[in-house]
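Peer 1: Letter by letter, the chains look like this.
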Amino acid sequence: MNMHIDNDLTRRDLLKGGGALIVGFSLAGGTLTARAARGDVAGPPDPSTVDTWIAIHADNTATIYFGKCELGQGNTTGLLQIAGEELDMGMHQLKAVRLDTNVTPNQGATSSSSSIHRGGPQLRAAAAEARQALIALASVKIGVQTGSLTVRDGVVSVDGENGGRSVRYGELIGDKPFDVKFTGTAPQKPINRYRLVGTSVPRVDIPEKAAGTYTHMQHLRVPNMLHGRVVLPRGQRAYGAGAKPLSVDESSIRDIAGARIVRKGDFVGVVAEREWDAVKAAAALKVTWQDGPEMTGNATLFQKMRSEKTTDTVIADWGDLVKGAKEAVHFASATHYCPYQGHLPFAPNCAIADVGPNGAHVMSSTQDVYNARSMLATVLGISADKVRVQYYEGSGTFGRSCYEDAAQAAAIMSQAAGRPVRVQYMRWDEHGWDNYGPAHLADVSAGTDQNGNLVMYEYHGWQHGWTVTSTVQDISTQKKGVERAGGTNSITVNPMSTGSMYKVANRRVVSHAVPMEGYLRGAALRSPLDLSFAFASEQVIDQLAHANRMDPLEFRRRNIGDKRWLGVLNAAAEAAKWQPRVMASSLSDADVVTGRGIGLGTHHVSYGAAVADIEVNKRTGNIVALRVYAAMDCGLTVNPALVENQIEGQVIQSVSRVLKEEVLFDKNSVTSLDWSTYPILRFAEHPTVVPIVVQRMDEPSTGAGEEVMGATTAAVANAFFDATGVRLQQFPMTPVRVLDALRRRSADAL
Amino acid sequence: MADFNIMVNGMVRSVGATPDTPLLYVLTNEYELKGPRFGCGLAQCGSCSVLVEGVETRSCVTPVSNVVGKSVTTLEGLPALYAQQKGLTQAPAMHPLQQAFIDQQAMHCGYCYNGMTIKGSELLAQNPKPTEAQIRAHMNGHLCRCGTYPRIMKSIQLASAKMAGETR
Numbered sequence: 201m202n203m204h205i206d207n208d209l210t211r212r213d214l215l216k217g218g219g220a221l222i223v224g225f226s227l228a229g230g231t232l233t234a235r236a237a238r239g240d241v242a243g244p245p246d247p248s249t250v251d252t253w254i255a256i257h258a259d260n261t262a263t264i265y266f267g268k269c270e271l272g273q274g275n276t277t278g279l280l281q282i283a284g285e286e287l288d289m290g291m292h293q294l295k296a297v298r299l300d301t302n303v304t305p306n307q308g309a310t311s312s313s314s315s316i317h318r319g320g321p322q323l324r325a326a327a328a329e330a331r332q333a334l335i336a337l338a339s340v341k342i343g344v345q346t347g348s349l350t351v352r353d354g355v356v357s358v359d360g361e362n363g364g365r366s367v368r369y370g371e372l373i374g375d376k377p378f379d380v381k382f383t384g385t386a387p388q389k390p391i392n393r394y395r396l397v398g399t400s401v402p403r404v405d406i407p408e409k410a411a412g413t414y415t416h417m418q419h420l421r422v423p424n425m426l427h428g429r430v431v432l433p434r435g436q437r438a439y440g441a442g443a444k445p446l447s448v449d450e451s452s453i454r455d456i457a458g459a460r461i462v463r464k465g466d467f468v469g470v471v472a473e474r475e476w477d478a479v480k481a482a483a484a485l486k487v488t489w490q491d492g493p494e495m496t497g498n499a500t501l502f503q504k505m506r507s508e509k510t511t512d513t514v515i516a517d518w519g520d521l522v523k524g525a526k527e528a529v530h531f532a533s534a535t536h537y538c539p540y541q542g543h544l545p546f547a548p549n550c551a552i553a554d555v556g557p558n559g560a561h562v563m564s565s566t567q568d569v570y571n572a573r574s575m576l577a578t579v580l581g582i583s584a585d586k587v588r589v590q591y592y593e594g595s596g597t598f599g600r601s602c603y604e605d606a607a608q609a610a611a612i613m614s615q616a617a618g619r620p621v622r623v624q625y626m627r628w629d630e631h632g633w634d635n636y637g638p639a640h641l642a643d644v645s646a647g648t649d650q651n652g653n654l655v656m657y658e659y660h661g662w663q664h665g666w667t668v669t670s671t672v673q674d675i676s677t678q679k680k681g682v683e684r685a686g687g688t689n690s691i692t693v694n695p696m697s698t699g700s701m702y703k704v705a706n707r708r709v710v711s712h713a714v715p716m717e718g719y720l721r722g723a724a725l726r727s728p729l730d731l732s733f734a735f736a737s738e739q740v741i742d743q744l745a746h747a748n749r750m751d752p753l754e755f756r757r758r759n760i761g762d763k764r765w766l767g768v769l770n771a772a773a774e775a776a777k778w779q780p781r782v783m784a785s786s787l788s789d790a791d792v793v794t795g796r797g798i799g800l801g802t803h804h805v806s807y808g809a810a811v812a813d814i815e816v817n818k819r820t821g822n823i824v825a826l827r828v829y830a831a832m833d834c835g836l837t838v839n840p841a842l843v844e845n846q847i848e849g850q851v852i853q854s855v856s857r858v859l860k861e862e863v864l865f866d867k868n869s870v871t872s873l874d875w876s877t878y879p880i881l882r883f884a885e886h887p888t889v890v891p892i893v894v895q896r897m898d899e900p901s902t903g904a905g906e907e908v909m910g911a912t913t914a915a916v917a918n919a920f921f922d923a924t925g926v927r928l929q930q931f932p933m934t935p936v937r938v939l940d941a942l943r944r945r946s947a948d949a950l
Numbered sequence: 040m041a042d043f044n045i046m047v048n049g050m051v052r053s054v055g056a057t058p059d060t061p062l063l064y065v066l067t068n069e070y071e072l073k074g075p076r077f078g079c080g081l082a083q084c085g086s087c088s089v090l091v092e093g094v095e096t097r098s099c100v101t102p103v104s105n106v107v108g109k110s111v112t113t114l115e116g117l118p119a120l121y122a123q124q125k126g127l128t129q130a131p132a133m134h135p136l137q138q139a140f141i142d143q144q145a146m147h148c149g150y151c152y153n154g155m156t157i158k159g160s161e162l163l164a165q166n167p168k169p170t171e172a173q174i175r176a177h178m179n180g181h182l183c184r185c186g187t188y189p190r191i192m193k194s195i196q197l198a199s200a201k202m203a204g205e206t207r
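Chains as they are written, first to last, in this note's numbering: chain S, 201 to 950; chain A, 40 to 207.
The following block holds chain A by itself, in its conformation from the complex (with noise of 0.2 Å):
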């Protein structure tokens, strides 16, 4: 057992872990965060990804002795994070994916969206105007087995042309 000051949305905290403890059951556990979430503990469905220093990252394989020193967002930090990259005052309710998410009625249980709007923010971070393929090739690491893939495609289409509209 160790001491990790990790920097979890902007706060940083002092946790007690063994050094191969996975950043998960840290998120999960101490943080009692509900973004990141149990899915595989393989890195092959994306259920618990956070970004670290802005960077998609499977928190179920990543010892918390990793982050130490680096900033970790998970989805709870997400719209703060959109409002400090895009300049805004205030950080909105939520990303606008989350939003699209609404408006397209997209998910069914839910489970994989952590994931899903963890990876579509890192992309609409990196490319607001994602062409379908992008999307597509962007998105293939996370698994839906409720098969919502056609819903999460159209919601971040319909945030990059929202993100598209709040810029101008």
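For reference, chain S alone in the conformation it holds in the complex (with noise of 0.2 Å):
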């Protein structure tokens, strides 16, 4: 199971290698050229010429190299999909190799949804370039000119000749370099001819997966490996105390064979031979740690983040909100409360480093092996070029879980031990450090003229902002975190997702950034904030549609300009046979009512439209959500069943995040631990999902991984109104405030 330098040897073997150099004839220029043996040099390769992007083999098969990372949501067989329709090669044709900052090009983190939006027209470029020199080659050995060719799976045949002249990509270049840059004006192949691209071919990683012989991060062994685990407070705490030891009694772990402490700063880790000889230590050993700042717990969060003095920036400010006031005859406004949500990798995170006085090598789960290199770097205190990162898919992380922290404790640590440490991070750990998804608090208001359009549309939400260290380069360093660009450029209200699907003269957006020192550790959790954003803003858009007397769906559809937004919004309400009707008008007495609710919603680009059918048990307070249809609109969908598989997770993530999912704290620390304290949706509570994915093949392709989220969450709290005709302004909409709330109802009726 030592398969840790499976790439390197691998590519050696293919580039045919022997030692540091290889030797390859130059394309080009037809000269000798020496150049090191890929992965022997610190990245990033460069990304202006082909080979970085593209080998092409004596087998006629190739290898594709880009810089988005396999998370699960199956970016590897869509990227591969772009490459071969370009090259005019077949999927069993191409492999993809782990990214690795000594091997794969940068391009940026795997994160926003971007591995098709931004890495398919970098990639989609290469690989024209790429087939353009290929055509070339083939011009000149066939002895027809370029226009005449036509390639089918890797083979160039004259066209009109069936069966006549051909040469295959494999013995033109057959594992020699391309030495072909850029020239930015290789054609790409027109959409109408497309034939792998917009369908929806098998995934190329499940195979593995269902068999169980994939090689997870958490499955990696090393030689000579030493088993580390972190040794933190159960649970964060105030963002900006860290964990600072005031004491670590040696004594309290003597027992356990072989077991060694490793401090560094603040940083304390233990290391043993015996994996559950590290564990027992890691729970045994005696640390008095110093007190934080007292916190607000959840009971008056969200007092406090209204209190504080923020830096406000004004996202959108259309027209005039006091002229659209006079116009408006009906109006809704609330204010909406939105938890803290964690990441929490069912697999907490798990790294190998093996650091020595040459440099390190990181194996880890990290969405961007070049940021990781760079944190890697500062924490060891060596240079950027001496770190290798390797990337190995861990389980679904949804953003920056404690990837980074995992990485930097197993480097640390490998630089004490002097041999590879492999951590793993246990469940408390992953659950009471992790950077949380920042709780969010909003005032909605909106108004429409007696005809039902919109006139005015105002939003203020209040967060914190993220991280861009981590836990353990703060502690481990002893410096005070940083935040991503604090102030006007910290995390704001995203305008996508507050009201840009309407046509309205007059609306204002404003975010008020509250300081994160105090609260907890932020960072992007999964469609970053727009669950909480579609939550405030799609309900207060139902709200007026009930004040008009209208269907929800016939007044969204009155107020949209944009098709694309239609598009959804029509796709999702034909999946679900919706029924126009005012919600709430057919109100039951039964103690288990049902409700329908429709939202819109996405992250920054693409659509998102859904319809939810909910149960709500009014005696338990208990909500299943029983059905969701699910439409999304990302222009150009590289490959259907993949984006209807995404929208399927997002729905039941969705779902376990509005009705299930909150971090818990005290004034001291987080208390969410483990899945009892932080519950998330179960098998039996899982709704059907009915995905519609709008393809677009006139659209460039955008993002879908998160774009459906917003649109869900706000369809679910729709439909509890349309079931209890009491709004719930909260999530997630647990039992006890669904009594709450239903109570209150009550109690107004009196």
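Hint data in this document are derived by calculation from the structure and do not stem from the laboratory. We treat Cβ as the ideally placed atom computed from N, Cα and C, and that holds for glycine. Just to be clear, a hint being listed does not mean it is correct.
To be verified - Far from chain S by the CB rule (all over 10 Å, computed), these chain A residues:
| no. | residue |
| --- | --- |
| 1 | Asp42 |
| 2 | Ala56 |
| 3 | Leu81 |
| 4 | Glu92 |
| 5 | Glu95 |
| 6 | Thr101 |
| 7 | Gly108 |
| 8 | Lys109 |
| 9 | Leu127 |
| 10 | Gly149 |
| 11 | Gly180 |
| 12 | Ala200 |
Stated by the list, open to error - Below, a sample of chain S positions facing chain A; criterion: calculated Cβ distance under 8 Å:
| no. | residue |
| --- | --- |
| 13 | Pro321 |
| 14 | Ala534 |
| 15 | Arg627 |
Work from the hints to combine the two standalone chains into their complex.
Peer 2: Structure representation (structure tokens):
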């Protein structure tokens, strides 16, 4: 199982390089050039040369090098489709390699659903350049003009010569470098000739995942390694307080054979030969931690956020709200409360580091190998080109969980121990020290004229920002954590999720940035804050539909100007066989009632709409999502089946987040430390999901990994109103909150 | 430290461990198996599941000393166990549920699928034609963070149908 170097060996083997150098014939100049074998020097490799992206082998297969990692979303398959399309090669001829700072190009983090959206065009251009070079070689070889050549499955043949002259890519270039620079002029295939892009090819990673032979990061073992565990307080304290050990009682683990303590700055870890000994030592080690400043706990969180001195940014400011308010006949306004939520990958993060005098080799599930390399260099106090980071898929991470922490902890402990160290975060480490999706507070108000046309919309949102450093970096270097651009450049309210889908002349969106100090550590969590924005915004829109005594679908149709928003809205409604009616117009006295709701939302690109059918038990307060119909338009959908699968995952996760998920913390620390103190949607509770892909071959491909989550959240919230006639303006919509809302409604009626 | 003879996937092997060592660490580090895997260490998620005498068991909280003399089946041994249960002369490459997961393109990251496969195969062995409600109830102790429950449901139903065909 020691497969940590499979990448390197494969590459060496493929390039037929016997040592550090291989010799290749330059196709461009015909000159003999010596070059380092791929993987031998620190990257990133030059993105403006085709060889960085594509290697064609003698057996007429290709290796495609890209910088976007497989997170279980299937982007490897989609990116191979894009490359295969331009190269005119079949999926069976293509393979990808794992991301590696010595091997793969730097395409930035695999975040914000950017693989196909931003990574795809780069790869398409590289493949087009490669194809152009290959066609030129074939033209010389066959003696026919390039315009008369056709390629299928990597075989170049002459037009009209059925079974006539042909040559395989592998014969033209097999395992030799292209030495071709990007000209930027290589023609790309017209969309109407696509054969591979736009089709639902099966995912390349699934057979091994089903067989149980796939190597997740957690499976990896290297020779001579130690097992390491971090030692942290159970649950993080106020952001900025870090984790300061006042004393470490070494005698507390004296009985555990071979267990050693590693300290660096405030970092405390343990290593042992045997994994169970490391687990036991981390649990047994007595550390006295310095108390952090008092936090609000969940109870008064939102009061504190509202009372902060914030840095305000006007995100959108159209028309004149005062004028809009004068025109308005129907108003709706409400305050909404949205929780901290966790990434919490199903497998806590894991990493292996081997740090020696010549540098560091780190295997990690980071979403950004190059950024991880820089962070590791800082932590280890060595230069970035001495650090090599290889990516191994962990379990679904959905943003910046503790992967950098695990990698840095492994590196610190390896540096100290002089041996490779494997660090596996424990469940409570991952739950308690996550970089949480921040809490959000929203005041939304909107109004329509007497015909149901929106005339004003106002959104004020409060939230703190994200860290760019990690816990282990902060505590081991004893430096204050760094926030992603504070103040007006901090994380702001997303205008795409707050009313931008509607025609409204007078609209104002204001983001109130709360300082992070004293709150919890924040970072981007899948569809960052969009669930909160949509929960708030789309409920107010629904309130207005109700105030106008209009069907909420018809109300939205009336107020949408964009055909793509209308497209997803109609697609979801049609799939759900939507029957027009005013919401909450047929309330039942039964204990168990049903409701249906609709919602819109997105992240920064693409379009999402959802219809949800839910059941509410008014006696227990329990909500069950029965069915969700969710539609997404992400432009040209490279692989519709893959996007359907992404939609399903987003729906289930959104239902989990709107009904169940909330990070709990008290005055001292986070208390959500496992799956019982942070429950997520369980198997028995999952809704049936009907995913709908709105294919638009004529539009550029945009992200598909998070854009229907806001819509789903909003649809569930609106369905609750339909079922009960009561608005629930705080999520998760737990039984306690449901019963409380129903009780308040009954009290109002008296 | 003591030596324990444990039978994993039909093979008896002696492993050195303290009696309290969870079976999971023996399977992953001594046997170097990829099926059972760490998820919570608290028996909350089902990531580490194995079959002990055919019964789904959380290996992360089961001391190795508890399985001495018992038959442990991991994901790796599931096709052989299935062949034995069905009286097939040869073990298939995969359990029908694993093939159904591929047919349904079910997983995202795939990490929870060790547990999903073990638990789903246990259900199908006990109840070859489970209803949707029975599947929901039986699988409820296994978590998936990527949100693939609907396809796991369909895969179990598909495997059930295929297995019924096989025995006819």
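Peer 1: With 8 Å as the cut and Cβ atoms as the points, is S/Ala534 at the interface with chain A?
Peer 2: violated, 29 Å
Peer 1: Taking C-beta pairs only, is A/Asp42 more than 10 Å away from all of chain S?
Peer 2: holds, 15 Å
Peer 1: In terms of Cβ atoms, is chain S entirely out of 10 Å range of A/Gly180?
Peer 2: violated, 8 Å
Peer 1: Check the non-interface label on A/Glu95: least C-beta distance to chain S beyond 10 Å or not.
Peer 2: holds, 14 Å
Peer 1: Over 10 Å from every CB of chain S: does A/Ala56 meet that, or does the non-interface label fail?
Peer 2: It is violated; A/Ala56 is separated from chain S by about 7 Å at its closest Cβ, not greater than 10 Å.
Peer 1: Against chain S, does A/Thr101 hold up as non-interface, every C-beta pair farther apart than 10 Å?
Peer 2: holds, 13 Å
Peer 1: Next item in the hint list is S/Arg627. Is there a CB on chain A closer than 8 Å to its CB?
Peer 2: S/Arg627 check passes; min Cβ-Cβ to chain A is 4 Å, inside 8 Å.
Peer 1: Going by Cβ atoms, does A/Lys109 stay more than 10 Å from chain S at every point?
Peer 2: holds, 20 Å
Peer 1: S/Pro321 was flagged as interface toward chain A. Is the shortest Cβ-Cβ separation under 8 Å?
Peer 2: violated, 25 Å
Peer 1: Does A/Leu81 sit more than 10 Å from chain S, CB to CB?
Peer 2: Answer for A/Leu81: violated, closest chain S Cβ roughly 6 Å.
Peer 1: Minimum Cβ separation between A/Ala200 and chain S greater than 10 Å?
Peer 2: Non-interface label stands for A/Ala200: nearest chain S Cβ at 18 Å, farther than 10 Å.
Peer 1: Grab the minimum beta-carbon distance between A/Gly149 and chain S and tell me whether it stays above 10 Å.
Peer 2: violated, 3 Å
Against the hints set out earlier in the document, violations occur for numbers 2, 3, 10, 11, 13, 14.
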